[in-house]
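K.L.:
Each chain is listed here by its residues.
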Amino acid sequence: MKYPITMKTVLLGLSLLVAAGSVPAVAGDVYVISHPSVTLTTAELRDAYLGEKQFAGSIKLVPVDNAAVQSDFLAKALNMDAGKYASLWIKKGFRGGLASPSVKLGDAEVVSFVKNTPGAIGYVSAPVQEVMLLHKY
Amino acid sequence: MRQVIRKPYFNLVTFLGALLVLSQLSMGAAWADDAAAIADLKAKLAAVQKDVAQLTQNQGKNFSDYGIPLHGFADVGYTHASNNDTRLDQAGRGFWANSLDFYLTPQFGDRGKGLVELLFEFLADGGLATDLERIQFGYTFNDQLTAWMGRFHAPYGYWNTGFHHGAEIQPSILRPRFIDFEDKGGVLPAHVMGAWATGSLPIGNAKLLYDFYIGNGNAIAEVDTTGGATHTGALAINNSRDSNGNKMVGANIGYKVGDMIIGAHAFTERVNFSDASATPLTGEVSVKMTGLYAAHENDNWENIAEYYHFSNDNATAGTGTNSSWLGFVQVGRTIAELWTPYVRAEKTVLDQDDLYFSNQQYGVSYTRQLVGVRYSLSAKSALKAEVNRTKEGDGTPTTGPGNGSYSEVRMQYAITF
Chain D
6 MKYPITMKTV LLGLSLLVAA GSVPAVAGDV YVISHPSVTL TTAELRDAYL GEKQFAGSIK
66 LVPVDNAAVQ SDFLAKALNM DAGKYASLWI KKGFRGGLAS PSVKLGDAEV VSFVKNTPGA
126 IGYVSAPVQE VMLLHKY
Chain X
4 MRQVIRKPYF NLVTFLGALL VLSQLSMGAA WADDAAAIAD LKAKLAAVQK DVAQLTQNQG
64 KNFSDYGIPL HGFADVGYTH ASNNDTRLDQ AGRGFWANSL DFYLTPQFGD RGKGLVELLF
124 EFLADGGLAT DLERIQFGYT FNDQLTAWMG RFHAPYGYWN TGFHHGAEIQ PSILRPRFID
184 FEDKGGVLPA HVMGAWATGS LPIGNAKLLY DFYIGNGNAI AEVDTTGGAT HTGALAINNS
244 RDSNGNKMVG ANIGYKVGDM IIGAHAFTER VNFSDASATP LTGEVSVKMT GLYAAHENDN
304 WENIAEYYHF SNDNATAGTG TNSSWLGFVQ VGRTIAELWT PYVRAEKTVL DQDDLYFSNQ
364 QYGVSYTRQL VGVRYSLSAK SALKAEVNRT KEGDGTPTTG PGNGSYSEVR MQYAITF
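One line per chain: the protein sequences are D and X, in this order.
Per the working numbering, residue 6 is the first one in the first sequence, and the count goes up by one each step.
Per the working numbering, residue 4 is the first one in the second sequence, and the count goes up by one each step.
Certain hints may be false.
Straight-line C-alpha distance at most 16 Å; calculated EDC-like pairs for lysine to aspartate or glutamate [claimed, not checked]:
#1 Lys65/D <-> Asp113/X
#2 Lys210/X <-> Glu225/X
#3 Lys187/X <-> Glu225/X
#4 Lys89/D <-> Asp37/X
Simulated from the structure, these hints should not be mistaken for lab results.
Only a predicted model underlies this, so the values are computations on that prediction, with no experimental measurement involved.
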């Protein structure tokens, strides 16, 4: 049996193709990205944001926070809220002289920083091509 | 005769042609205007693109070298004691501002780091004291080793390095009395001027934490033995030089698994004495401290126990070894992420034939029971209220430290920034 190819079918197919090519990030998805010089496991990534890991080989890790998606990242990657995260870094700084991750305003700033800073790790709300994707939460 | 029909001068075709010419002229003018507008828009768009590019480029830069965040702690409160005397470790009756503590954590490149802490606090007489609490500069070789030099918090137990002047992160208002600061009743050195190697080594899912340090040995200053008096001096850190040339050497080894740390600590040094005019006094004590500690900290619990055993020799008189011990246990439970009720018991048994203790103003045996509650106002502020009962010696009232008992009710508002 032959199925007639109508204009309606063509338009529907095109719509599906376009939709498939640009699947929007599900609300709350967090993409952890890094400078190409950095490769970390999820456990190491967690340690880096908790101040327990400062180096990847000889490269100094430079984690940065993204104010726009911080709460999602903290909940999914570190299992804590912003208050506990702030308390933890107060203790880390006071006890060990560690500087807390700097806070960037949004995805564009994080991507730009990570792209240009060896050792940098960040997280964004949508996948990006310019940097390395470490993990998706 | 042919009739000549004159066409009107402005016939329809001529009129339309004229109109077309006029409209073309008009459109030409409009096109000229549009071209100018487009050129203007292009120039503006180029300027915006340049601004955006610069903003994005600058946002991606690391500005850590352009300034250092200033952090700190401060606390104020009120105390009502059962007696209104002038014992150092209690504020009598009234309001107080305890301290304003600033600290900086400058980073010098990828591996160099610093920790500078400046403290302002009111003395018992109301005067304002300034103390360079910590000034230490370090180099991180890797995740397993950081080396520091300068003045740092003495790395024994959990409490001293965990909270120190951080009133807001400290679970209670008072520190355990015997590890309070040297000028506030503590009988252990809370600081070291020297060098310190610290780090952690992974062991499966656990970590081995270590600290090794060497520093100027302590002295006990302002000792006044007139008339056979005891308990008149206080520990001195020897910030600018080592008064007897003997170094303090210590180690702290901890095993951390999950939320739990258990560890052992030790230090040794020879402590000498001086009077109020810094004149050296006869006598020197060889101090050897060994002990154990454990801490369990997570979202719901904050439990800490520390034990210290001293085995000291009167190095000058050769009168043998004096043994003393000190310890505390504190248990805290957080409820609904806001309320943390806690209890603590402290006890010291100090040999009064040991010059290390008998020459310190607060080198007396005591017991203290303490109960309190902490309420988290925010991630950076807390209200605390606590009651304690302290008994020195056998509890018989005397003037000054040594014997007697008292109770206190304390309230504190502590913040960090």
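K.L.:
Of the hints given before, which are not true for this structure?
P.N.:
2, 4
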